[in-house]
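> Between the sequences and the hints, there should be enough to build the whole structure, so can you do that?
Residue numbers (the working numbering), protein chains in the order written: chain A, 11 to 138; chain B, 1090 to 1573.
It is worth saying that the hints were derived from the structure and are not from the lab.
Where hints are given, some of them may not hold.
Calculated pairs, DSBU-like style, for lysine-lysine (alpha carbon to alpha carbon, straight line, at most 30 Å) [to be verified]:
{"hint": "1", "chain 1": "B", "residue 1": "K1264", "chain 2": "B", "residue 2": "K1295"}
{"hint": "2", "chain 1": "A", "residue 1": "K93", "chain 2": "B", "residue 2": "K1316"}
{"hint": "3", "chain 1": "A", "residue 1": "K54", "chain 2": "B", "residue 2": "K1316"}
{"hint": "4", "chain 1": "B", "residue 1": "K1153", "chain 2": "A", "residue 2": "K95"}
The structure displayed is predicted, hence computed values, not measured ones.
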Amino acid sequence: MIPEGLRYHTEHEWIRQENQTAVLGITHFAQDALGDVVYLELPKVGVEVRSGQEIGEVESTKTTSPVYTPVSGKIMAVNEELKEKPELVNQDPYGRGWIVKIQMSDPSEAKHLMDARQYGAYLKEKAD
Amino acid sequence: MGPSPRIAVIGAGPGGYVAAIRAAQLGARVSLVEEQEVGGTCLNKGCIPSKALIFNAEVVELLKRAEEFGVRVISEPTYDVTRMLERKQRIVQTQVRGIHALLKSWGVALIKGRGRLIGPRAVEVADAGGTVQRVETDRVILATGSKPIKPPIFPFDGDRVITSEEALEPRVLPKSLLIVGAGVEGCEFGFLYQALGVSVTMVEMKNRPLATEDEEISSLVQREMNKRGIKLHLAVRVEKAAIESTQVVVTLSDGQTIAVDRILVSIGRRMNTEGLGLEEAGVVLGKRGEILVDDRMETRAPGVYAIGDAVGRIMLAHVASAEGKIAAANAVAGDRGHSMNYAIVPAGIFTLPEIGTVGLKEWEAVEQGLKIRIGRYPFRALGRAHTMDEIVGMVKVITEQESDRILGVHILGPHASDMIHEAAIAMRLGAKVSDIAEMIHAHPTLPEAMMEAAEDVHGSAIHLTRRKGPPPPAGRAGDGRQGP
Ligand SMILES: Cc1cc2nc3c(=O)[nH]c(=O)nc-3n(C[C@H](O)[C@H](O)[C@H](O)COP(=O)(O)OP(=O)(O)OC[C@H]3O[C@@H](n4cnc5c(N)ncnc54)[C@H](O)[C@@H]3O)c2cc1C
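And the structure:
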């Protein structure tokens, strides 16, 4: 369930590093806890963000929850498809449900994030 | 008391006609002067027609979502603007006839024409045909209302550059509309037109829409605008607007230019206080042209009262009516002191979804240096809201920390303008937040959200997960906080 090769944040975001770029989304666990996603408040392309900062919000039928970025940099793209189809976050959280792309200013930040095994352990620990 | 006094009321809006009826109920002989139609702005060009049209939008939006409810709609619902406007007009006409019947039953003499004071004890009325009559009176109540502000930088032509009056008569819908001003009126029209399929852009000088409302209400409204694709330009002014062939080209203070089919200027209202012989009669006006009155609604000219939009305090229909009743009581009784209290004025804002508000906003409480607590409850967490599929928004309750008294309540969500009255009566009775929290609320209903928000003030809402750490920071859109 937890894909290898991604880095995970304690707030249940994942990033996929492609050179200087980080693609960011929320994890399967997060989308499952949120329930049906109905809307995403996304940042504007071009804004600078710092790691730990809230960059948007996910609205589901149950709740509203912030999206944090674990890396600093500049928003290069937002997933426009989510405007029409927010449910992609539920259906394909690690694929078509990606949320933003960030041009990282300090790629070393990604090193401090969890890998799939660590995130799995983290989830287990939280559940106990 | 001597023989029943004669009272002349100028203007038959929700201020004037209510004052006239109340004065008649109290035994006065009342003349009511109106140059247009009874009901004033509110009934003919304001509250009622705009809400009639917004309801159309709600009906169509519901139909568009019919599938989600398991209801099959054979063809895509569309608007028939002509029928919509006919329906609106029928509603207005029915209400107008109702007011005529009420005035008649209370023996109020309605005089058609434009009135002006001839000193403080006489009113001259000129009708459309030029006939002039003079009405002698013991007291006067001025209720002449207001009209849209039309700054000269906008080339008003009633077609491409318009005010709210024409915006309520959209015989042909534009493809695109730019609204100058994201206040109450601008936002209501913004949601209405966008729902009708018009591409709406809004331009606002302040840094948030509904800038005088509670800051969280503003951010929720802004998010709903984003969802619907209403484009919002904040903290900019319109510097120029020019009609160029079929379009209007608007230049903003940040240098952007936007070309649209039509622009609606919605930046406030001006009091109708000119050419009424006011100064000559001893009535004093303020800087904005508003009639200065005391708390008894009496002007500086003894025996002359003024109410409603013309006094420029809180420009709402129900405030005009409340002021009208106070003025009538004072005008008839002469000596008995009835005074206006503006502490508790509930109000509705008919965006999609709508807003209900009463009392202090968070920013006001902070500005006044009050120590406050805040409780919130999202409609998302409420069963009744889910049965209606209306889960956007929340109830926000602001209390004074020490006394636990309710200072203000702000709601965005389904039936918010109806729901707000529970908070208003609680505040009027000086209730503590526990009075709402402990009162049994029927299940499943929307006001349960009020109960839960009241409980949340002390972190004990049953249907919210436990608060982690300190309460959410002030000023943040707290539309829920459960989740991972
Ligand atoms: C688009 C729009 C939507 C609105 N929606 C709401 C809402 O949802 N809720 C709300 O509370 N308020 C709303 N308002 C505001 C509300 O309409 C006003 O606050 C209210 O009408 C004020 O009442 P009034 O009696 O003071 O004045 P008015 O309603 O303006 O009435 C004044 C009357 O006096 C007459 N008059 C003026 N001068 C003379 C004269 N010299 N001789 C004879 N007659 C004269 C005018 O013809 C008019 O009929 C809205 C306003 C607009 C424009």
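> All hints, please: hold or fail.
Checked hints:
| no. | hint | result |
| --- | --- | --- |
| 1 | B/K1264 to B/K1295 | holds (26 Å) |
| 2 | A/K93 to B/K1316 | holds (8 Å) |
| 3 | A/K54 to B/K1316 | holds (14 Å) |
| 4 | B/K1153 to A/K95 | holds (16 Å) |
This entry satisfies every hint, going by the numbered hints stated previously.
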